[in-house]
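S.K.: At position 699 of the sequence shown the residue is numbered 699 (the numbering used here), and the sequence of numbers has no breaks.
Simulated from the structure, these hints should not be mistaken for lab results.
Hints may contain errors.
[As the list claims (entries may be wrong)] Taking lysine-lysine and the DSSO-like style, the derived pairs with C-alpha atoms no more than 27 Å apart in a straight line are: (1) Lys-1115 to Lys-1003; (2) Lys-915 to Lys-1003; (3) Lys-998 to Lys-893; (4) Lys-713 to Lys-628.
[Unchecked claim] Across the chosen pairs, the derived CB separations fall in these ranges: (5) Gly-221 to Glu-474: 22 to 30 Å; (6) Ala-374 to Glu-579: 54 to 62 Å; (7) Ala-374 to Ala-406: 20 to 28 Å; (8) Glu-751 to Gln-779: 25 to 33 Å; (9) Ala-406 to Lys-164: 48 to 56 Å; (10) Lys-164 to Gln-413: 30 to 38 Å; (11) Gly-970 to Leu-1110: 34 to 42 Å.
We put the CB at the ideal spot given by N, CA and C, even for glycine.
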Amino acid sequence: MGEFLQAALGWRRGARACLLGSQQPQRDGAHPDVQADEAPGDPGGDPLARPGLQSLSRLCGDPGRRHEGHRGRIRPAARGRGRRVGAYRPRAPGDGHRPAAGLARPRDPPDGGERVDGRDTRRACLRVLPAQQEGRVGGLSRAGHALRARAVSRPVVSRTDLIKAGATDSARAAALLDELGDWAAPDLLELLPQSADPDQSLLGLVRLKEADDAVWRPLDGAGRLRLVTVLGASSALTDHLVRRPEQVADLAEAALGDRAAYVDLLRADVGERTGTEARDALRVAYRRRLVQIAAIDTSGSATDLLPRVAEALADLASATLQVALDIATREQDDAADARLSIIAMGKCGARELNYLSDVDVIFAAEPADGVDEAHALEVATRLATEVMRICSEHTGEGTLWQVDAALRPEGNQGPLVRTVRSHQQYYERWAKTWEFQALLKARPVAGDAEVGQAYLEAMQPFVWQASSRDNFVEDVQAMRRRVEDHVPRGEAARQIKLGAGGLRDVEFSMQLLQLVHGRTDDRLRLRSTLAAIDALSRRGYIGRTDAAALDEAYRFLRALEHRIQLSKLRRTHLMPTSEAELRRVGRGLGFRETPEEAVVTRWKETAREVRRLHERIFYRPLLSAVAKLSDDDARLTLEGAQDRLAALGFRDPKGAMRHLEALMSGVSRRAAIQRTLLPVMLPWFASEVDPDQGLLAFRRISDELGGSHWYLKMLRDEGSAAETLARALAKSRYVADLLERAPSAVALVGEAGSLTPIDREAIITAMRAAAARQDDDEQAIVGLRSTRRTELIRIALADLSGTIGLDEVEIALTDLTAATLHVALEVAIRSVEAGLDRPFATDIAIIGMGRLGGREVGYASDADVMFVHRPRDGADVADAQADAEAAIAFLRKHLSSSGPDPVLGVDADLRPEGKAGPIVRTFDSYAAYYERWSEGWEAQALLRATPVAGDAQLGADFIELINPLRWPEGGIPEQAVRQIRTLKARMEAERIPRGGDKRTHFKLGIGGLADVEWTVQLTQLQHAHAVPELRRTGTATTLQVMADHGLISQEDADQLRDSWTLATRLRNASVLWRGRPVDALPSDLHDANGIARVLGSPVGTGHQLSERYLRAARKARKVVDRVFYGVVADNGWDRNPTRR
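Full structure from sequences and hints, please.
M.R.: Written as structure tokens, this is what we have:
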């Protein structure tokens, strides 16, 4: 017969029939393979009656007549496609072979048919091809020979299989598989899950098959994977391959090339063409290599391959510029008069290009030998213009990308091409900060190599000196904010490049670090962002954990950008919104479970992490400080350090030099970070009065903590941590001593908001937790004292940095003391009770007195207290007293014992009978004493009594008990007034240390703390019965009440407050400066200057501060003489308003 039978197979489970031919693989895994071979004719029998190998010769008849058993006429089909016909073929009993799909089984209905999925499975599909296709059929018999067929089992492909493979429309995918015919090889179903869009891959394969049926078979498994994945990732590259199916063969051995390789390949494809033919050839050649890059990219891990893919894209773009210049050169007769170099900028210069982006360039040129410069520049400009046109213009083969020369000097307003010297002059005189930053990526990629190298050598010094410009860091930071501000509002939430947490956050952060530190460290002089992250981490400029996070985030964001752009080869940096696009992008990045949701979640998480790291790194104060250093200062070496230390004001440069050697020597990571930190920290140490002390303390702390994972990282990365620590150590021996005993508390300077003191309840909670972690009660006290030490450091650092003022310092120290007493009392009661064979017998309250009761505690203040207890119901009074005394003894002993933590002295001398009386009394004993025996001074001492710890109800009851005594009805009698005045005068005479100066003593001197406090307290005793607002414990607030009610003038109140406040601040500052309590102005100018710096005054103003205090104290003393002692001033002012 003149035609060959190509296929005879039925419908089963809704799948298309397969083609039939000798050894032909079937297209659909749902069907068996069918083999055909020659067999003897069987004219006497039914060709379908034999089991097993069935003769099909009689299925083929004259095309011009209807064949029995066929439902339609068999005719040759145009273009070899054939016509589908139905065949009724009952299965022979006992046939051990599986019949072709659609053949009846014995258990089927009487008509021999069955229905599956609503389809009539009795229909067979025949496809008859013209005889001319004999050579492509593969061994079919000539006319006159019978054919026989046997079903060969293959894996079944169901809709579920297709869905598992990633298809979204299984019916359509099945139809596409059917269309693929023999391309639907057994491994295709294994390849589809790796595609970003399996449906699109199938459609692309069908289109390719129609374009060229032969391109699939030569590909091996790797080549087929590349083809399937690139078709699924990019409809644009699918269109290109359909137009150029011969390029599919390149995928068999696709590899990522470099610039030189791509130049050779492009030149080979373009040849010596010119004009439109050359431009089209360049486009086809470019996309040929782009397909290979994309195929490798999409068939592997997007993030792992990203650096090499980005390099290959940049190298391909560079090679394209070179070949475009070749074309332009061939088209201009005088091209040899100019030596033109094309300098790639931005991502192309850094070899981190994406799939579709403008290629930023700068053109530099020099005249050829003997050629006039002006003419050479004119020729070079024509060449450069033509290169831009060749790459950018649209031809019959589309376009490549825009070539953007806007980064050149003067931007689009300046000449397109300059000589190297002209570029140099521009950057010397007029360039702005961002232009130096842009030069970081400059790389010659095409044209004259010598000119390119000369350009690079001329520009590099500008790049690495840029950070020394005024306000360089601030300018770069402002530029990043402007970029973000210019993102259209409707796009901001979808920007993966310019928005918050986008690519620009990573790039700006790394470039700023490179430009600042690369001035003295040439190992940071790299173009690539990923390479910069690695180098900055290795050199200690960013932490390893942060570097790993930035590397991972940048790879993901760039890979995300690649997958989005690759889809349609469009320049975009916006996250898609359609579910289909998100699904394609997500699968392309390896997400399989709900990829459209997973990719958005990962993107948002990445953006948050990038913004967090960007804000911490990009805005770290250390950068501005380093940028302001001279080259020599920034490049601190041990050889030149001693002279610099002396110049900075270190009093012992040799000793300081030893500290630097210990900190900076070696090749360890910690030494590298110290070499970054110390050039900046030395001026901070030197800005205080005692830099030697500061550097020594820093060394000791670094010796303890330098090996930790967080210490140096915190100083380098966390806000102003390094400056805060350096200044505090050089300013305060108190803080230095505390930190040397507890180095881990340095972490406070790096925690956001950590210098805000916490309240009493929070401290109690922390102390209880610290106590609970210990094995015994004595160690529990150690634990809570350690917590107290940490809180003292927090308060002191906040005080030194100006975060809090005097009132807040006093309240914080008061809360800390009260919390310490409260938890220590709990531990003491628990300890005593543990040694008893009965319950603890009494409740205890601690009453704060003096500055503790007035909430005016200073750094050197003891805890002035009284202890009161009340036996519990049914308890023996003697047992209660013994238990209370034991608990108080435990508390006082362990809070005041020496150790690594500051001592808290507990002073109970203000109790009834003073030191001669019992340390703790019952509530009833206090009541009896105050009713019978109390003296006037005791009523004065009770003015500031406040419950601070222990049983709250007992404390409140105690205050109710003493209120009538301290706020007596009608005021205190005149005899009591005289007694108080006499006591005060004797105290002034007797308690100031021998040889002490009454003018300079903060506490007992003229106009000092005692003068003001006694004056306030006497007024309270006299007038609180009539002015209830006076019933308060604080000195400063009571002074204002006195003025408001006319008991003193506002001027007097102001003068008393000024003196009291300044004395309090000086007393605290003296402790911070010297590390120990001091109650008088220093006689040494160095100490005076140190105290002045603690109070925030400029260096060298200690003498002025002393003079200021003496003036304030003299004025206050005059008020005290009138108001407290009753001395009438010359102006007739009388303290008693009734006699004014």
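S.K.: Does each hint hold? Answer for all of them.
M.R.: Hint check results:
no.	hint	verdict
1	Lys-1115 to Lys-1003	holds, 16 Å
2	Lys-915 to Lys-1003	holds, 22 Å
3	Lys-998 to Lys-893	violated, 35 Å
4	Lys-713 to Lys-628	holds, 21 Å
5	Gly-221 to Glu-474: 22 to 30 Å	violated, 57 Å
6	Ala-374 to Glu-579: 54 to 62 Å	holds, 60 Å
7	Ala-374 to Ala-406: 20 to 28 Å	holds, 24 Å
8	Glu-751 to Gln-779: 25 to 33 Å	holds, 27 Å
9	Ala-406 to Lys-164: 48 to 56 Å	holds, 50 Å
10	Lys-164 to Gln-413: 30 to 38 Å	violated, 59 Å
11	Gly-970 to Leu-1110: 34 to 42 Å	holds, 40 Å
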